[in-house]
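Go ahead and model the full structure; you've got the sequences and the hints to work with.
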Amino acid sequence: MTNTIRRRAKAALAALLIGGAGPAAALDLSLPSGARMTHEDTTDPGSYRLPIGNWTLETGLPVRRVEGRVTRQAWRIPGQSATTLQLMTPLREQIEAAGYTILHQCPSQTCGGFDFRFDTEVLQGPDMYVDLADFRFLAAVQQTNGGDALGLIVSRSASAGYVQIIRAGAAFTKLSTSAPEAPPPLAPLPLAPLPLAPLPIELGGLADRLDSAGHVVLPDLRFDSGKAGLGADDIESLDTLAAYLAARPNARLVIVGHTDATGSLEGNIALSRRRAQAAVDYLTGHGVARTRLSAQGAGYLSPITTNTTEDGRMANRRIEAVLLPDP
Numbered sequence: 001m002t003n004t005i006r007r008r009a010k011a012a013l014a015a016l017l018i019g020g021a022g023p024a025a026a027l028d029l030s031l032p033s034g035a036r037m038t039h040e041d042t043t044d045p046g047s048y049r050l051p052i053g054n055w056t057l058e059t060g061l062p063v064r065r066v067e068g069r070v071t072r073q074a075w076r077i078p079g080q081s082a083t084t085l086q087l088m089t090p091l092r093e094q095i096e097a098a099g100y101t102i103l104h105q106c107p108s109q110t111c112g113g114f115d116f117r118f119d120t121e122v123l124q125g126p127d128m129y130v131d132l133a134d135f136r137f138l139a140a141v142q143q144t145n146g147g148d149a150l151g152l153i154v155s156r157s158a159s160a161g162y163v164q165i166i167r168a169g170a171a172f173t174k175l176s177t178s179a180p181e182a183p184p185p186l187a188p189l190p191l192a193p194l195p196l197a198p199l200p201i202e203l204g205g206l207a208d209r210l211d212s213a214g215h216v217v218l219p220d221l222r223f224d225s226g227k228a229g230l231g232a233d234d235i236e237s238l239d240t241l242a243a244y245l246a247a248r249p250n251a252r253l254v255i256v257g258h259t260d261a262t263g264s265l266e267g268n269i270a271l272s273r274r275r276a277q278a279a280v281d282y283l284t285g286h287g288v289a290r291t292r293l294s295a296q297g298a299g300y301l302s303p304i305t306t307n308t309t310e311d312g313r314m315a316n317r318r319i320e321a322v323l324l325p326d327p
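Quick note on numbering: our numbering labels position 121 of the sequence shown as 121, and the sequence is numbered without any gaps.
FYI, nobody ran anything at the bench for these hints, they're computed from the structure.
Check each hint, because a few of them may be wrong.
[As the list claims (entries may be wrong)] Label-pair ranges, simulated between beta-carbon atoms:
(1) 44 x 263: 41 to 47 Å
(2) 119 x 41: 16 to 22 Å
(3) 310 x 57: 40 to 46 Å
Only a predicted model underlies this, so the values are computations on that prediction, with no experimental measurement involved.
The C-beta atom is built at its ideal place from N, Cα and C for all residues, glycine as well.
So, in structure tokens, the structure goes:
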């Protein structure tokens, strides 16, 4: 049987059809209106490290290695205001309805945040975008299809939603895409608006990252292009850093600012230093001695993703804490 991934570019609905070697293998995932495929590739034979648990300092990332045909796809949903939970929930329901068993699912910080993201296979930008503070992951298998495995990541930027799906196994053949020229109208996928929950940043996770890797991205710090202000609200990651330093009286940190690649290098280094200094000022205002902190700016010299898209530029505008050796 021919296996297909079919996207219907319809006024109210986009659909992804992944077919398998038998009727039980068919998987039809309906995405919100306007979803556009940004990437598709197939490796045969290939290998996929399917995450089946959260990243921890003790275990790293537990994975199940799946061999066979591996197909990777990414989708961008422009103008999408739905939360990652709203994006994930209908997809999870459809995956379960297709006979898959959910092995693992988690939101960003429970998954392991930065460490999970960079130990998991993610397509490069601009095809796929993952906000370190706002993504969800799901792993599933379909035992009736010879162990067919599926890894799903959803995330979003300020202007779009993103979906990545990787399917691996030996029981399905080559995938293809098609879209009908004149599709009948379908009802839009209902997505009830939900409030954004506060970002949970646990002291243990941040402390583990600093102690093990020596640096950590502060995911709840966001800057507009050309701006360095933090605002007047409490910032959980900086509050966590203050608690970390209070518990470790000999620890010292360099706070490093990073920018996107808009403008001159000299200007961006100065801007990134001002952003880092704003974080240092926040910490000293919460009881941390200034002698234990310094602010530096890297400008655009250390990007974590592409600077050719707005989503990538937003991700590159960030603050990192770097742990120094004890004096």
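Hint by hint, which ones does the structure fall short of? Per hint list: single violation, 3.
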